[in-house]
Amino acid sequence: MRSLSLFALLSDRITIDMGDFKIVGIAPGVRVVSVKTDVFKTGRIVMSMAMPIAKNTAAQAILPFYLRRACKQYPDFTELNGRLNELYGTRLSAGVSKSGDFQKLSINMSFIDDRFSLTDESISAECVKLITGMLFEPLVSDGGFVEKNIEQEKRLLIEKRRSELDDKVVYARSRCEEIMCADEPYGRNVYGTEEEILALTPADVYETWQNVLKESIIQFTVISSADTAEIENILKGKFSGIERSVIEKSAVPVRNAGEVKYVNEAQPVKQGKLVMGFRSEMEKSEKNRFKNMIMADLFGGGPHSKLFMNVREKMSLCYYCRARFLRDNSIMFVESGIETHNEEKARQAISDQLNKVKNGDFTDDELKASKMSVSDSLQTFKDTPEVLAAWYALQSTDESPISLREACEGVEKVSRQDVIDMSRVIELDTVYMLSGTEGGEA
Amino acid sequence: MKIKEYRNEKLAESYSEIEHPSGLKILVMPKPGYSTTYALFAARYGSIDTHIQAPDGSYYEIPDGTAHFLEHKLFESDEQDAFERFAKTGASANAFTSFDRTAYLFSCSTNVKQNLEILMDFVQSPYFTQQTVDKEQGIIGQEIRMYKDSPDWSLMINLLQALYSNSPVFDVAGTEESIAKITAETLYDCYRNFYDLNNMVFAVAGNTTVEEVLEVADRMLKPAKGKKAQRKLPDSKNDIKSYVEEKMSVETTQFMFGFRENNGKPEVSTLERVASSVILDVIAGNASACYKELMEEELINTSFSYEYLDGFGYAVPIFVGESNDPKLVSEKIRKYISELKKTGIDPKAFERSRRKLYGRMVMEYNDVENIADALVVSYFRGEGLFDEITVCAGLTLEQVNERLRAMFDEESYSLSVVLPKG
Numbered sequence: 001m002r003s004l005s006l007f008a009l010l011s012d013r014i015t016i017d018m019g020d021f022k023i024v025g026i027a028p029g030v031r032v033v034s035v036k037t038d039v040f041k042t043g044r045i046v047m048s049m050a051m052p053i054a055k056n057t058a059a060q061a062i063l064p065f066y067l068r069r070a071c072k073q074y075p076d077f078t079e080l081n082g083r084l085n086e087l088y089g090t091r092l093s094a095g096v097s098k099s100g101d102f103q104k105l106s107i108n109m110s111f112i113d114d115r116f117s118l119t120d121e122s123i124s125a126e127c128v129k130l131i132t133g134m135l136f137e138p139l140v141s142d143g144g145f146v147e148k149n150i151e152q153e154k155r156l157l158i159e160k161r162r163s164e165l166d167d168k169v170v171y172a173r174s175r176c177e178e179i180m181c182a183d184e185p186y187g188r189n190v191y192g193t194e195e196e197i198l199a200l201t202p203a204d205v206y207e208t209w210q211n212v213l214k215e216s217i218i219q220f221t222v223i224s225s226a227d228t229a230e231i232e233n234i235l236k237g238k239f240s241g242i243e244r245s246v247i248e249k250s251a252v253p254v255r256n257a258g259e260v261k262y263v264n265e266a267q268p269v270k271q272g273k274l275v276m277g278f279r280s281e282m283e284k285s286e287k288n289r290f291k292n293m294i295m296a297d298l299f300g301g302g303p304h305s306k307l308f309m310n311v312r313e314k315m316s317l318c319y320y321c322r323a324r325f326l327r328d329n330s331i332m333f334v335e336s337g338i339e340t341h342n343e344e345k346a347r348q349a350i351s352d353q354l355n356k357v358k359n360g361d362f363t364d365d366e367l368k369a370s371k372m373s374v375s376d377s378l379q380t381f382k383d384t385p386e387v388l389a390a391w392y393a394l395q396s397t398d399e400s401p402i403s404l405r406e407a408c409e410g411v412e413k414v415s416r417q418d419v420i421d422m423s424r425v426i427e428l429d430t431v432y433m434l435s436g437t438e439g440g441e442a
Numbered sequence: 001m002k003i004k005e006y007r008n009e010k011l012a013e014s015y016s017e018i019e020h021p022s023g024l025k026i027l028v029m030p031k032p033g034y035s036t037t038y039a040l041f042a043a044r045y046g047s048i049d050t051h052i053q054a055p056d057g058s059y060y061e062i063p064d065g066t067a068h069f070l071e072h073k074l075f076e077s078d079e080q081d082a083f084e085r086f087a088k089t090g091a092s093a094n095a096f097t098s099f100d101r102t103a104y105l106f107s108c109s110t111n112v113k114q115n116l117e118i119l120m121d122f123v124q125s126p127y128f129t130q131q132t133v134d135k136e137q138g139i140i141g142q143e144i145r146m147y148k149d150s151p152d153w154s155l156m157i158n159l160l161q162a163l164y165s166n167s168p169v170f171d172v173a174g175t176e177e178s179i180a181k182i183t184a185e186t187l188y189d190c191y192r193n194f195y196d197l198n199n200m201v202f203a204v205a206g207n208t209t210v211e212e213v214l215e216v217a218d219r220m221l222k223p224a225k226g227k228k229a230q231r232k233l234p235d236s237k238n239d240i241k242s243y244v245e246e247k248m249s250v251e252t253t254q255f256m257f258g259f260r261e262n263n264g265k266p267e268v269s270t271l272e273r274v275a276s277s278v279i280l281d282v283i284a285g286n287a288s289a290c291y292k293e294l295m296e297e298e299l300i301n302t303s304f305s306y307e308y309l310d311g312f313g314y315a316v317p318i319f320v321g322e323s324n325d326p327k328l329v330s331e332k333i334r335k336y337i338s339e340l341k342k343t344g345i346d347p348k349a350f351e352r353s354r355r356k357l358y359g360r361m362v363m364e365y366n367d368v369e370n371i372a373d374a375l376v377v378s379y380f381r382g383e384g385l386f387d388e389i390t391v392c393a394g395l396t397l398e399q400v401n402e403r404l405r406a407m408f409d410e411e412s413y414s415l416s417v418v419l420p421k422g
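These protein sequence lines map, in sequence, to chains A and B.
Here my numbering is used: the first residue of the first sequence is 1, the next is one more, and so on.
Here my numbering is used: the first residue of the second sequence is 1, the next is one more, and so on.
Hints are computed from structural coordinates only; laboratory data are not their basis.
One thing to keep in mind: the hints can contain errors.
[What the hints assert, rightly or not] Listed below are the simulated BS3-like cross-link pairs for lysine-lysine, each with C-alpha atoms no more than 25 Å apart in a straight line:
1) Lys292/B to Lys356/A
2) Lys348/B to Lys129/A
3) Lys342/B to Lys292/B
4) Lys287/A to Lys129/A
5) Lys314/A to Lys342/B
Here the structure is a predicted model, which means the values were calculated and not measured.
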């Protein structure tokens, strides 16, 4: 185990070479995590900015989209997109996600390596300039953000939010989160409510941008064949002019499952969607990520898992039935698409399978299959720049990120007793059922 | 055994094409520096293959959704099923069925030989019983319901059916009624007809070598008995519905707008396909004038995109997105296309879109999954893996303008819309 307190170190601009990756401190709470490799055709840069979910959710959510749309150098989005096309179809996207009590804003870029360009232009240098320009030189007028663009982005964000919820799998999961985490930040929609988005003004978003520059936990994840000195120098220069006062990483309080909450809603759809939310213990969740990873996989991961083998294969109740463990929230969700009238049967089957794990009713082969499957998948992550970057970006608020190799070592150590111990602190908290009223005649 | 190597110097990539004595074509692209091996064993058999040719040359019909049903059932065995076997190696195994192919696959970072062995073995060892077929009805029934609740799926199926005389072939999984007709015997019939090694291909990309793949292939492949299955050309009736809609439990109105190409041949050429993608980007890419206008008039949002969809018997340029007024969007696009055909494409816009497509093609070579699938698709099309990128690198404005004039039959179009219920 490492005992580095990285956030403290970062202000000293220290470089740490971790073998598989390198960390460079830029300013308090700002770091560059990079992997230098020339096996890929492309470079990848992910800019992640973490803020608390609690207040200002909508203003924070819209920010990366406003920044991606245009910048000082390219004030018009058609011009900017045209430039990206000239740079051999450079991909540029904005996103928002939540994890623990953080809302993570991101701007992501993929560009072809200079070796593959048909011209002499350096694509990577140009892309580094572009993405840093997005954060530090946004489009402003009269000292604020441009009203017309903010209005457009408000419409686009509201439509994006609606469209995502039109997918009933996403909708059911989101409803279960809302109900289960009603009293905590994680229960909020990642984009805020439609009303909050509608009420945003250019001044709100501008102020949020300034706060993000001052307070957010920022990580630039860079996967590239090029040296990262250039991006580091640009960032050091830019952040030297900003007085940083980084948000505290608040410990997510322990929220034990109480009486099971149950909500059933009906919609005119053909398939019912069942989502069950379970809670673990926060401390156990933080310290035992690999144990929980294996427990959740053995219970409801791939085709070797309890849920697949029994609820799908033996009982033919569904096409999918899977479990996901959220380490930062100490929550496990089980999701399945079922015939509405099979709700009771499916709930019972899922609980039965979880009890089997709790009682140690699984073979050594099942455990071995889970460990091999998780470890094999982890090793494949390093072969795609997007996935490799995501691995490190997901750890942007962790004090010290770990490599895929360390994760595989962690998985290797998980024992049968570990799986049993982790499953025994899992308790059902919330059941959400989206009932389909068109179930009879598909 | 003939082994041929193909290289692309600019990409710094190469792959080998092996004519295995068993009758199977094997394609291998080693990727130095990668840990992952990704393998696909694919049959030239998809949902568009609705008929089997009898010995007398006539065709008889099989139920819709059979290719997909067979894909589910091939994992089963009278001993250990394929998933159980892969569970012992740590590989992630899966399979998929599309309009024109069925593929079985694994991805792994260890035990490559063992995984190759399992994949080759189970795909060559059908085991179907009435009991296991019956059991699968419930699982696939739920899969079909999941698709039927998905607006994206409905938009696409409805559009293709509207363009192709209400043909059921695009509904890959079939319907609960059609799959109810499937028996163990149906599956054996289809297996014999379509899973002959002469009608299949095996593609591997990533952490592997030709020697490693051949060592397993020599042991595992049983000589093919039959021949390449004859594909029945779909109905060529030009019976098009210009508008179709479906009401679903959604909040957003979505549309898919496409043109049916009537070029009198079952498949388009590499040049036609590449030129089509460039043209679609010139028309509707996010740097185009049309995109800007539609965006500023609040007729589309960032979900707006385009796609060139082609396969055996179908070729459709598609525009897709969300809008409060899909009819107006489709009218504007048609008007824009008709203007563009008159004026020709602006050289700068052409170059931007060509470079974008070229870069996106380069990016595909990062991912062993994309590579293996592209090896399969290009082989079934009778093309080489590098053909598209070579054509793109040398594409001219003249070629693109010529393609533009032939690509859109302005009368052969349809608009598919999914609307909120109530």
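Comparing the hints with the structure gives:
With a C-alpha separation of about 57 Å, the suggested pairing of Lys292/B with Lys356/A is violated against the 25 Å cut-off. This hinted pair checks out: Lys348/B and Lys129/A have alpha carbons roughly 24 Å apart, not beyond 25 Å. Restraint check: the Cα-Cα separation between Lys342/B and Lys292/B comes to about 21 Å, which is no more than 25 Å; the hinted pair holds. About 39 Å separates the Cα atoms of Lys287/A and Lys129/A, which puts this hinted pair outside 25 Å; it is violated.
Between Lys314/A and Lys342/B the CA atoms are separated by roughly 62 Å; this puts the pair beyond 25 Å, and the hint is violated.
Hint compliance for this structure: hints 1, 4 and 5 are not met, and every other hint is.
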